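> Reconstruct the complex from the two isolated chains, following the hints.
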Amino acid sequence: MKRRDFLKSVSGLAAGAALPAMPSVISSARADARSETLLIVSEGGPNNLDIHGVGTNVPGYEVSWNCYDRLISHEMKSGPGGVPYYDRDKFKGELAEDFKIDDMSVTFKLKKNAKFHDGAPVTAKDVKWSLDRAVSVGGFPTFQMSAGSLTKPEQFVIVDDSTVRVDFAKKDRLTIPDLAVIVPCIVNSELVKKNASEKDPWGLEFTKQQTAGSGAYKVTKWTAGTEVIMERNEDWVGGPLPKIKRVIWRMVPQAGNRRALLERGDADISYELPFKDFQEMKANGKLNVVSLPFSNGIQYIGMNVTKPPFDNVKVRQAIAYALPYQKIMDAVLFGLGNPMFGAAKDKATEVAWPQPHKYNTDMEKAKALLAEAGYANGFETTISFDLNFAGVNEPLCVLVQESLAQLGIKTTINKVPGANWRTELNKKEMPLFTNVFSGWLDYPEYFFYWCYHGNNSVFNTMSYKSGEMDKLIDGARTAAATGDAATYDTDVKGFVDLAYTDVPRIPLYQPFVNVAMQKNISGYQYWFHRRLDYRAMAKG
Amino acid sequence: MLTMIGKRLMFAIPSLIGVVIVTFLLTRALPGDPAAYFAGPAATKEAVEQIRKKLGLDRPLIEQFFRYTNDLAHGDFGNSLTTGQPVAAEIRNRLPASAELTLLGLIVSIVIAIPLGVLAATRPGSWVDHLCRVTTTAGVSLPVFFTGLVLVYVFYFRLGWSPAPLGRLDVFYSAPPTVTGFYLIDTLIARDLEAFRSALSQLILPATTLAIFSLAPIARMTRASMLAVLASEFVRTARASGLSPATVIVTYAFRNAMLPVITTLSMVFSFLLGANVLVEKVFAWPGIGSYAVEALISSDFAPVQGFVLTMAVMYVLLNLVIDILYGVIDPRVRLEG
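Chains A and B supply the protein sequences, listed in that same order. At position 95 of the first sequence (counting the first as 1) the number is 95 in the UniProt record's numbering, and the numbers step up by one without a gap. At position 48 of the second sequence (counting the first as 1) the number is 48 in the UniProt record's numbering, and the numbers step up by one without a gap.
If you're looking for bench data, these hints aren't it; they were derived computationally from the structure. Since the structure is predicted, the reported quantities are computational estimates derived from the model, not experimental observations. Hints should not be assumed to be uniformly reliable.
With a cut-off of at most 20 Å between alpha-carbon atoms, the simulated SDA-like pairs for lysine to any residue come out as follows [as the list claims (entries may be wrong)]:
no.	chain 1	residue 1	chain 2	residue 2
1	B	Lys-54	A	Pro-201
2	A	Lys-100	A	Asp-172
3	A	Lys-427	B	Glu-46
4	A	Lys-152	B	Glu-46
5	A	Lys-314	A	Lys-365
6	B	Lys-54	A	Phe-143
The shape of chain B in the complex, shown without the other chains (with noise of 0.2 Å):
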């Protein structure tokens, strides 16, 4: 098992050094001068060139990609020119409040879609399954962004259960101690329960948001396999010998159904957690989808190196950990094959 881990991480990398050098190509490729951004409104060409020389822009691009390089074997990721502060550190920051967000977004929706899927799927045409296809469309279908602001606007605006959109806690209270980085569990290490219930509170909205965003592949795909399966010789054999429907469905059915909705799984998250930029906009969330975005619009190299390398390491450990979960639920699969 060990062996197979570590063969997997070094498969993984070539992969990375790759992303390593496309990501310094790409950002030196777009379009704008961060110079003579940085440099201000109200710069002379001097001041552009002086602002040049201090940001080492005006090196051969071969030299500054080893000294990148030799950078990112020290841990450093250089400086953030927007927000002024190393990129390690931020995203060291940032990762636990977008993580959080999606984890609990995940949550929610496989509490939901799952059940969902698999009553559709036993009951094929009935009200379970047009319910499922209605929901699941309409969710995926509005972009999150309008689906955030209409949250925020019922449940903020108009009734004002929820609180203010401001980011992870409410203004007044002070974040707690870092544990994990996530604050739920962090205010609860730290025994401060109105922190830990304003933590809540403020991440009720944008969960929801990304649930119900992310509703329609988990919950479509459990119904499509759970349907594939129902439907296959061992279901009949077991139902034939007087196994009772909850221990078919259960037992042999959804487990057997369960691979290809760990997949699906596994893809939502990368993909919410890259992509939930706009719930983090809309919610004023420190994240890191919100981080990179803003990076990219003023030509900020370092945060969208950083970003893509984050991502990529995390790709290649949430592979490592989907391959094992394989294991775990099919013995048929080894991580060999």
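Chain A on its own, in the form it takes in the complex (with noise of 0.2 Å):
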């Protein structure tokens, strides 16, 4: 200390009468930088910048969302509690001025002072190479844009310097909803390709580590799991003008320290933090704590259909039957969720998803079920769960354990670590988890295609088979595309109703997505992907 004020006296000398009015010119300057700078705490951050590249993770997504533009985008209308939500059925244009959508085809007219960070103008061109990118890279993006009919570079067409259409592979109600994703992103294709190598010809390497878009912001420093520094794009043409001008997300990995760091007021947001600590935050009010159902989105218990005793629909049904729901909601979620379980017995299928099913914690039932299944003593069996949510997943397996005690059933607890839950859930053996799954795009049969039908994709965890079940998926994907309502109500009503006899997979909650910020930030949306959009935020 005092060989640090000797220097300090020293420099002070030498400076002249200068220096005592510095520190405070630094201290202002910090505190007018700190109203336009938006401080986000997280437990990860991105590894790419580019939603493109090679196993680019969650928080990718967002850096992504915030510094690229896509065609087209969603509409905000009031969600539940009032916080702005996407609107899934409207869209407005983002890059594109004006967009047509015909029977099919749709052709989007560019923005004429649509700039990329660079200053080169955003020209069809780019558009094309950006789509064809997306469904040419492989991995991810390609499989999201397949999600929607759009396979093939031959399906995006330019028509003139700033006109593109996109042909229709079939008829697919999820293609225009595909265009609005993250994927779709457009990239300065100029740029990128003079980054490009014969190894490379996407240019991979290269948006990885910078952003070459024409988003509402840019990267301005990454330093990969420490930090991320955007700064605003004051030449953005997609929408209003964003207040935010600089926003710093930080890696902070103790969820205490992210909770600390809030109610001391030195960060302005945070999220992915435990339940208990959002629900105590919400209590004391001195942070806006938003809570909001994911779209499209169950945490259930599977049950894999192929083996014995879980190929028995008794033995599913009994499982229904003795699931601790409500002590899940309570001592798992502090209430933090939307349950799924026990609707009224006369209560009528909705044509919507998620929606809650009939069965609740009644033990005489589920013992009766076992019995007549011929399982009256029970048996053994494992649970398996995603050590990555372990917070949740822990205790709720726990709770399960417990109950199935209850009707003999011995169950061991199996810790699947992260890295390796995927490789387990593709191999299909697990005989009982837990998982969560949430579609980007918010429509039943959308879910349901993914999730039950026999073509057994990764998300059929269960390995669930039922031609009824093919038929009725089908029979609404297609009733939706061409429009036929009265067929797509029945074949929704009728596919809910076959999950729910056959519960090859049990559903327990909606999940919230929690995010905690200061009472000062506004402009917070929900967003399908359920991660921060800086575009809106306010501060102050």
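Written out as structure tokens, the structure reads:
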């Protein structure tokens, strides 16, 4: 301390009278910087700034969403609790000035003054190149594009310099919504091509490290695992100029510290905190805590229907009557979730997803069903969960284990490390497990196509196959594409009913996305991707 | 001397080769499939296979190994998949952060532990001895993340004396131009006193946490070794010759008691460097320990291999330094020995 004072006084002598004024100048500059800066703290950060990259993680999606534009985006509506919520059915242009949907194609007219971060104009060439890239690079982006029947570069046609047409491969209600997800972002093709190589024709190595888009923000500094700094793009034309000038996103691995940072007022926004913390912060009212249900998402207990004892529908129904639903809501989620159980007996099935099933905790019924199935003395099985989400999964599985023990079912808990979880799911050998599925596109038939269809995708974790189910799902997809509302409604009701009588998986609840922020932060919007959209936010 | 150092380094080569082979095999033996992990939550089987091909994981193990060693020979440690950055660059950036924190923690610890150990040894059974025993036992029995969290809770959350535990610098300062990688030194070179103060205040809590944890081995070892030396004949002779107690203890006894303490210090240092993961996690410190653990969790081979290799090299160098120090402190010890 002494030594530093000494150094200070020496440099002070050298600088003369200017020094005493210095600290205050710096401090007020810092105060200004603070009021225009959004400080976000979260557990993990991006591993890649480009969603087209190999293995880009979910925090990387947030960067892409804010730094790149798409042709179209969703309008906002008022959601639960008055929080702005994306409108599934209404689209607006982002890079497109307007767009016209015809029978078998859609035509986009680009905004004339749209520019990339380096000043190059956004042209039809860039759009085609970017969409070609999304359907060609393989992995997740290509898979997501195919969900909207966008599979071939030939589908993207340059009409003139500022007009692009997307041809439909077949009639599919999901094609337009799929053009508004994060993946079909428009990339600065000239800039990226300059930095591409023969081995890497799409320039993925280049866009991994820097953003090359036309979005509202650009990444100015990224230290992987530590921080991301983004600055506003003053020339953004995708919407009204955002109020936040600078976003600093710091990775703070310790949940307790993230809470302390929020409560001390040092950080502006955080998510990924334990439910208990959110619930306590909600109760003490110092911060704004927003909790909204995942759109099209469910946490469930799944059963492998190809192997005994769960190949017997009676056993599955018995389990559905034996789960401690309410205890899970109270002790694991602290109420932060929408119950997906215990609907009234006479409630009619709705044309909606997710919706609650009619099972409730009823041990007597469970015992009777189990006896009917020939397992009056129970059996032994294993329940598996993903350790990456141990905060929820572990207590949940312990409660299930306790409850099943009352039926004489001995359950061993199998904790699967996050890196291994997907491999295990793919093998489809786990007899009993809990997992979450949520779809970006919020349509019942989309959820069912991935989770219940007999083509046995990765998410049909139960290996469930039923001809009747397939017919209903395919029927609903065709009906949606052709606009046959009556058939669509009966088919959707049909597959929901079938899913609940056959119960290969038992929905528990619809999880919430929880975000805690300072009272002076406004403009939080809920998006299907559940990450932050800085463009609408304001401070003060 | 130089030929000795050269010889020692030559001896280290087989062990380094061993480390390369073992880490390579161990990381491949880990459960978990990096291809499935990085294909993302919504990947089909084909997508996973595409990723596997891109990562070169579909090749036979022996071919992967030769490619890996060939890259190593060219100074390429591979790319981390979780952070997306070259491993060599990441280790270069993160090692100074860990080293600065560990060194400062160790210095604080030495400044407290060695006098404490010496005092405890000269007055066995007195209150100093008991104080030494209690503090060291308490320090070593509290897990580091707990001490860290308590310090954050008290000094940041409750009292507000300490800055937010957000890494090496306040969010609104920019890092000084890199010269040594140690912010305390670099900020001074850049003559940025405000940043220096910020870097120092960010360091205090994590360094204290580490110091509390490493007090025990140093203080206990100093005490034990001092006790042994104080009971020896040359000390008795020195006392009998009428030398002042200070001269006896500092010049004769302490110097002779230093050898085991130095050994302990080297062990504590290398141990802290690798094991301060938890402190790094608590204080969001961008160090090497948290990097390696995160990589391990996601079956990310390259950083784990890079980390183990770096640590192995550091151990070799550290041992060399210790051996040289032995010779300086005790002329009887020769490097040949």
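> So, for every hint listed, does it hold in this structure?
Okay, the hints, checked on the actual structure:
1. B/Lys-54 to A/Pro-201: holds, 14 Å
2. A/Lys-100 to A/Asp-172: holds, 16 Å
3. A/Lys-427 to B/Glu-46: Measuring from Cα to Cα gives roughly 14 Å; hence the hint holds.
4. A/Lys-152 to B/Glu-46: holds, 17 Å
5. A/Lys-314 to A/Lys-365: holds, 11 Å
6. B/Lys-54 to A/Phe-143: holds, 16 Å
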